[in-house]
Amino acid sequence: AQSVAQPEDQVNVAEGNPLTVKCTYSVSGNPYLFWYVQYPNRGLQFLLKYITGDNLVKGSYGFEAEFNKSQTSFHLKKPSALVSDSALYFCAVRDISGYSSASKIIFGSGTRLSIRP
Amino acid sequence: NAGVTQTPKFQVLKTGQSMTLQCAQDMNHNSMYWYRQDPGMGLRLIYYSASEGTTDKGEVPNGYNVSRLNKREFSLRLESAAPSQTSVYFCASSSVTGLSTDTQYFGPGTRLTVL
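As you go down the protein sequences, you meet chains A and B in turn.
So the mapping is simple: the working numbering equals the position in the first sequence, first residue as 1, plus 914.
So the mapping is simple: the working numbering equals the position in the second sequence, first residue as 1, plus 4.
Hints listed in this document are in silico derivations from the structure and should not be mistaken for laboratory results.
Computed from a prediction, not measured in an experiment: that's the story for all the values here.
Don't take every hint at face value.
The list that follows gives simulated cross-link-like pairs (lysine to aspartate or glutamate, DMTMM-like), each with its CA atoms no further than 25 Å apart [as the list claims (entries may be wrong)]:
| id | chain 1 | residue 1 | chain 2 | residue 2 |
| --- | --- | --- | --- | --- |
| 1 | B | LYS18 | B | ASP30 |
| 2 | A | LYS936 | B | ASP106 |
| 3 | A | LYS963 | A | GLU980 |
| 4 | A | LYS936 | B | ASP42 |
| 5 | A | LYS972 | B | ASP106 |
| 6 | B | LYS13 | B | ASP42 |
| 7 | A | LYS963 | B | GLU63 |
| 8 | A | LYS972 | A | GLU922 |
| 9 | A | LYS991 | B | GLU83 |
| 10 | A | LYS963 | B | GLU83 |
| 11 | A | LYS963 | B | ASP30 |
| 12 | A | LYS991 | A | GLU922 |
| 13 | A | LYS983 | B | ASP106 |
| 14 | A | LYS963 | B | ASP106 |
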């Protein structure tokens, strides 16, 4: 069965410092991996995804994620954090169980990122 | 282009009451989804519809029903609300073709409280 784990409930970073939000995955076959962000009282917004190709994926708002097959990880990174990056971040994996043309996704439990000025 | 819209934004129900959450998308997406979000548990899939005319159960379907009214609209019904259904409900849609394949687009959510 496909799954993702986000080992940190909360990450605190000072503005201007690099940030990393961790994600590990467990899949059978090749993984389709995603990162989504949720700002307060809003729906989730797509940040980036990895399907195949370059292990470093660039996404919205200056975020990037590094796919590491040997470590089964897909950590989200940003070189210089902004206060406005404070939000809830979800790692997710495409659920390929069953037969369906729908793009079912399994979400991690989320990591709250807090950027202090 | 409004994306995915949901109504209502907030709702308070008494135990045993029924209600329908509405969702519509204007992106011509084939697939639509209903999730619930509870603290510390991420998002869990309730039901989904791969295409117009089809619906399937997700991870937590008990106590819910859905209708894919047409390609644009996908509604979620609570027949007899229970306090355990207090949650934030999100609708999402995705395409099966093009560059955005597999990417889901979310509505703003409905915050439901069952007393």
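Going through the hints against the structure:
no.: 1; hint: B:LYS18 x B:ASP30; result: violated, 33 Å
no.: 2; hint: A:LYS936 x B:ASP106; result: holds, 22 Å
no.: 3; hint: A:LYS963 x A:GLU980; result: holds, 10 Å
no.: 4; hint: A:LYS936 x B:ASP42; result: holds, 21 Å
no.: 5; hint: A:LYS972 x B:ASP106; result: holds, 17 Å
no.: 6; hint: B:LYS13 x B:ASP42; result: holds, 16 Å
no.: 7; hint: A:LYS963 x B:GLU63; result: holds, 23 Å
no.: 8; hint: A:LYS972 x A:GLU922; result: holds, 22 Å
no.: 9; hint: A:LYS991 x B:GLU83; result: violated, 43 Å
no.: 10; hint: A:LYS963 x B:GLU83; result: violated, 37 Å
no.: 11; hint: A:LYS963 x B:ASP30; result: holds, 23 Å
no.: 12; hint: A:LYS991 x A:GLU922; result: holds, 14 Å
no.: 13; hint: A:LYS983 x B:ASP106; result: holds, 20 Å
no.: 14; hint: A:LYS963 x B:ASP106; result: holds, 9 Å
Checked against the numbered hints above, the structure violates hints 1, 9, 10; every other hint is satisfied.
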